[in-house]
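Chemist: Under this note's numbering, the first residue of the sequence shown is numbered 8, with each subsequent residue one higher.
Since the hints were derived computationally from the structure, they do not count as laboratory data.
Please read these numbers as outputs of a predicted model, since none were measured by experiment.
Ideal Cβ placement from N, Cα and C applies to all residues, glycine included.
Among these hints, one or two may not hold up.
[What the hints assert, rightly or not] Have a look at the derived ranges for each label pair, beta carbon to beta carbon:
#, residue 1, residue 2, range
1, Ile151, Lys105, 21 to 27 Å
2, Val53, Ile74, 15 to 21 Å
3, Met191, Gly50, 34 to 40 Å
4, Arg229, Ile54, 34 to 40 Å
5, Ile147, Leu195, 19 to 25 Å
6, Val158, Val55, 16 to 22 Å
7, Arg87, Leu195, 27 to 33 Å
8, Ala155, Ala93, 44 to 50 Å
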Amino acid sequence: MDSVALRRGIKDVFPLLLGVLPFALVVGVAASNAGLDLELAIGMSVIVFAGASQLAALELIRTDAPILVVIVTAVIINLRMFMYSASIAPYFRDFAAKWKAGLAYILTDQAYALSIARFETEEEIDRLSYYVGVAVPLWIGWQIMTVAGIVLGARVPDAWGIDFAVPLVFLALLVPAVEDRATMAAALVGGGIAVLGAGLPLNLGLPVGASTGIIAGALAERVMA
Numbered sequence: 008m009d010s011v012a013l014r015r016g017i018k019d020v021f022p023l024l025l026g027v028l029p030f031a032l033v034v035g036v037a038a039s040n041a042g043l044d045l046e047l048a049i050g051m052s053v054i055v056f057a058g059a060s061q062l063a064a065l066e067l068i069r070t071d072a073p074i075l076v077v078i079v080t081a082v083i084i085n086l087r088m089f090m091y092s093a094s095i096a097p098y099f100r101d102f103a104a105k106w107k108a109g110l111a112y113i114l115t116d117q118a119y120a121l122s123i124a125r126f127e128t129e130e131e132i133d134r135l136s137y138y139v140g141v142a143v144p145l146w147i148g149w150q151i152m153t154v155a156g157i158v159l160g161a162r163v164p165d166a167w168g169i170d171f172a173v174p175l176v177f178l179a180l181l182v183p184a185v186e187d188r189a190t191m192a193a194a195l196v197g198g199g200i201a202v203l204g205a206g207l208p209l210n211l212g213l214p215v216g217a218s219t220g221i222i223a224g225a226l227a228e229r230v231m232a
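Could you build all of it, start to finish, from the sequences and the hints given here?
Modeler: Pasting the structure below:
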């Protein structure tokens, strides 16, 4: 492990932690509000380790949605990880399978963005060390703040209306992601369908909205191309 590349990764990811850690806190609060006990909430955070899909799944759990709907929704939201993996995989082609599995587990939006930008511009950097330096602090910080949110959520009175933080977080994730006409089409179509489908049986509005949003964005990008 190259200590220079490791420290560089930690340094690069540090500013992003300022945005990720409050998000983890909200997810922990959402887990508490959804009725998960400490062990289940921590288990979900460790196993899933995907903020947006965790938040969506917890909201569905809170409204007593069927488990199949919860799983399908989380999978749809995380489909972008397939694209991330396909993009970054060539840089780890020569690593052993056990390393690839571990690196895949800690893959996040932030870890991908920082690592791929560095790998494309600096061929000599120790990729494993840099990636670990970026991804592991994100994982550690996420777990700590999730637990803090679970403990905090259990002690916050219902009168404070802290559930309102969940839609605010989704808005904070959505707005920066709308960068062009394709992403605008995905946001408008997906959001519109989700709102219109709020009364669908089995709480299917969210997964249907997410699916149609992805399709709309892909079609819009193809038309513009």
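Chemist: Quick check on a hinted range of 44 to 50 Å for Ala155 and Ala93, using CB atoms only.
Modeler: violated (34 Å)
Chemist: Just tell me: holds or violated, for the beta carbon distance of Ile151 and Lys105 against 21 to 27 Å?
Modeler: Since the Cβ atoms of Ile151 and Lys105 sit about 26 Å apart, the hinted range of 21 to 27 Å holds.
Chemist: Should the hint that Val158 and Val55 are 16 to 22 Å apart at their CB atoms be regarded as holding?
Modeler: holds (19 Å)
Chemist: Evaluate the given range 27 to 33 Å for the C-beta pair formed by Arg87 and Leu195.
Modeler: violated (19 Å)
Chemist: Can you tell me whether the CB distance of Val53 to Ile74 sits inside 15 to 21 Å?
Modeler: Since Val53 and Ile74 have Cβ atoms about 19 Å apart, the given range 15 to 21 Å holds.
Chemist: Take the C-beta atom of Ile147 and the C-beta atom of Leu195, compute their distance, and say whether it sits inside 19 to 25 Å.
Modeler: violated (37 Å)
Chemist: Between Met191 and Gly50, does the C-beta distance stay in 34 to 40 Å?
Modeler: holds (37 Å)
Chemist: Holds or violated: the 34 to 40 Å window for the beta-carbon distance between Arg229 and Ile54?
Modeler: Between Arg229 and Ile54, where Cβ atoms are some 35 Å apart, the hint holds.
When the structure is compared with the earlier hints, violations turn up for hints 5, 7, 8 and for no others.
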